[in-house]
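Sequence order for the protein chains is A, B and C.
Residues -16 to 259 (the working numbering) are what the first sequence spells out, left to right.
Residues -16 to 259 (the working numbering) are what the second sequence spells out, left to right.
Residues -16 to 259 (the working numbering) are what the third sequence spells out, left to right.
Since the hints were made in silico from the structure, they are not lab data.
A few of these clues could be false.
In this list, chains with the same sequence are indistinguishable; a pair is considered to hold if it fits within one copy or across any two.
Derived DSS-like pairs (lysine-lysine); straight-line CA-CA distance at most 25 Å [stated by the list, open to error]:
no. : residue 1 : residue 2
1   : Lys1      : Lys46
2   : Lys135    : Lys93
3   : Lys1      : Lys154
4   : Lys246    : Lys76
5   : Lys246    : Lys93
6   : Lys109    : Lys76
7   : Lys250    : Lys1
8   : Lys15     : Lys140
9   : Lys46     : Lys206
Since the structure is predicted, the reported quantities are computational estimates derived from the model, not experimental observations.
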Amino acid sequence: MADFNQKVICLLTDFGLKGQHYVASIKGVILKINPDINIIDITHNITPFSIIEASYILKATYKHFPEESIFINVVDPGVGSSREILAIKTLSKHYLIGPNNGIFSGNFAKDIDECIEIQNDDFFNKPISNTFHGRDIMAPVAAHLISGISFKKFGPKFNIKNLKGIPFTFKINNEKRIIQCIIQYIDSFGNATTNIPMDNNKIHNSEITLNEGKEIIIEIKEKTFKGFFNLNFSSVPVGSLLFLVGSTGFLEISINQGNASKKLGLKLGDNTTIKL
Amino acid sequence: MADFNQKVICLLTDFGLKGQHYVASIKGVILKINPDINIIDITHNITPFSIIEASYILKATYKHFPEESIFINVVDPGVGSSREILAIKTLSKHYLIGPNNGIFSGNFAKDIDECIEIQNDDFFNKPISNTFHGRDIMAPVAAHLISGISFKKFGPKFNIKNLKGIPFTFKINNEKRIIQCIIQYIDSFGNATTNIPMDNNKIHNSEITLNEGKEIIIEIKEKTFKGFFNLNFSSVPVGSLLFLVGSTGFLEISINQGNASKKLGLKLGDNTTIKL
Amino acid sequence: MADFNQKVICLLTDFGLKGQHYVASIKGVILKINPDINIIDITHNITPFSIIEASYILKATYKHFPEESIFINVVDPGVGSSREILAIKTLSKHYLIGPNNGIFSGNFAKDIDECIEIQNDDFFNKPISNTFHGRDIMAPVAAHLISGISFKKFGPKFNIKNLKGIPFTFKINNEKRIIQCIIQYIDSFGNATTNIPMDNNKIHNSEITLNEGKEIIIEIKEKTFKGFFNLNFSSVPVGSLLFLVGSTGFLEISINQGNASKKLGLKLGDNTTIKL
């Protein structure tokens, strides 16, 4: 195989199955500018308009990709309004493009190197529609950026103090060993990912370490469930509730070969209380 | 990045989620012939057997792709019958491959440069199955065509007078300002795309221009709804009905952050009446 | 187009729509190791934990791909348990990677050239999670293997006598012309694929040949249905039950432009009886 060193643009949207052709249009626009780009789908099945979920998925995936990869994020309920479209260069040397609607809030702040507001319409796909800036603005900007146009050419510096946030409950009571948290993702198997960050068995930035087999109680909408902390699914019998460190580094609520979210009545964005 | 100039083959099918591996077989056949082709999914979620929808999606996407890109269209309820398999070269320099079942009807006629019937089985994948001509005929023909085999080698000229049509209501009464149309697409958000073509605010080939804020009435199955023409979703309150020019250039019926098709009871192929 | 000769890695999982980002992480890990790999999705919509279905889909697709292509199979309910992760080199010159849980059972045996157990953690993505060996073990091993690392470097030889099997009913009574079989796949259209292998019109390894138009009776859960053997869908009226040789070479139960599985009440893994 010859050495080619293909560059990567990743797409993350809430277009869903019936919007797969919108994604295709974005890909067409990119390939027309540079046919040698490798375009990868992160997901197009974000719950429509859910910025919490989109932000989680972006955080969970981007560092797995090669340096210089660009991520286009089109979860954009405010399309056509005055919300800014941003481009971020991270310290990890990835590029993130998307509307300033909360998707870049929270932990991203620590990884931002530079941030600009995309304004230079020399690089847009004309005529610009009012309803599809993913295709007409973000896609061509990403294709030009990856093809060598300088980051600063696309618009003026954006002050990251003006990055929009999202409401995001997370409180630890170290003494009572109670954690308030939210469900930031539910996967196809019904595994529910909290926003409790783990360093292996230890809860990040806390004194609390969980031992294999430790009992954990979870309160959801006034109901209480009991499970055990374990390192993997097969440590507990089929059908049992367990808490484990998910593959994205957060505490996850699961049932071995079962659907935890259905059984516990969990929904995306739900507030829950974990008692250790 | 070295200059490689990768060629593109695009796939459009109604295979759905449980047919993703049929798509994979098509990709395998293509890559076995030429491993350097970039294969892009337009969509595989066409409503099963819906030629109206497939034709709309193809029209809405192909011109966004680089010249020389090939589009394989496998919405093919007549597979194994005597329907012809066609290859079209467009004036826009794209290639379209698919059965003669209506998918190439309507506006395509204006963009057709040459049309042949695919017959030369030197380029087929043998043994040819009776139920999967996408994999056994269309895929290898596309791979050989993009790799340099001359268009005319695949079969004899096909007279485009014999292109199959699809029923497609579209009547404007300029005086009464009433339009009969159909719903040719409904996306994941419930946005319903009519077949009324727009040149920005003006209805194509008519005297009628719509001004921002204009009231529009829509009649569906004897029910009547009222909304306003707007340039983007966020011009109206969340939950309001609006009419806008969709990103594919047709008049679209939407609800800001809501599901218009569910609320209005719209289905793919429905006849509707728009009063301006 | 320059000659580049891109290598292919294929992915087959049960991650589903809400797990599309897990797939993306696998792709990121691969591209970080070698950006020039062409990654193809076989399917991510395997029924969760269904090894029967995964095994069928792998068998139905891999030989369509170029030699040297690698297939990563992540249908892995035993992740984190002591089940081995295997790499197989086939006589057809493809590579198959996945857990030893039955996915490589049945007909694969005839095509296996070499089999190793993946153990060399020099090639793993660290830290290794307990719940996602597809990303942390299988993906980087595949990327290194395709980039030139020798097959034997990844672990010791594995005795294929220890390959796990799956229960798989298939009995022919040649005299009474009765076949016991199971449903190993149901596609988006409701076509149900049995595990009866066909050599064109002849049942493989039997005396039985089916003629066009032959009546066939199928018994499912004490109900009986009648249809006809045909070469393609359009040989029978819309809505009629037919039996045909599916595009993967097995006898398939279908309704022309209808949903056979819904009408007959067929489910994945069902035992059925075919009377000829």
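For each hint, the structure was consulted:
Taking identical chains as interchangeable, the C-alpha atoms of Lys1 and Lys46 lie at most 25 Å apart only when they sit on different chains, with a minimum of 20 Å there against 29 Å within one chain. Taking the shortest Cα distances, Lys135 and Lys93 sit within 25 Å of each other inside one copy (21 Å), while across copies they are farther apart (42 Å). In this assembly of identical chains, the alpha carbons of Lys1 and Lys154 never lie at most 25 Å apart, being 39 Å within a copy and 27 Å across copies at closest. Taking identical chains as interchangeable, the C-alpha atoms of Lys246 and Lys76 are never at most 25 Å apart, the minima being 41 Å within one chain and 45 Å between chains.
Taking identical chains as interchangeable, the C-alpha atoms of Lys246 and Lys93 are never at most 25 Å apart, the minima being 36 Å within one chain and 43 Å between chains. For a Cα distance limit of 25 Å, the shortest separation of Lys109 from Lys76 across copies, 20 Å, qualifies, whereas the shortest one inside one copy, 29 Å, does not. When the C-alpha separation of Lys250 and Lys1 is checked against a cutoff of 25 Å, the pair qualifies both within a copy, at 23 Å, and between copies, at 14 Å. For the homomeric pair Lys15 and Lys140, neither the shortest alpha-carbon distance inside one copy (28 Å) nor that between copies (30 Å) is at most 25 Å.
Within a single copy, Lys46 and Lys206 get their C-alpha atoms no closer than 37 Å, and across copies no closer than 52 Å, so neither meets the 25 Å cut-off.
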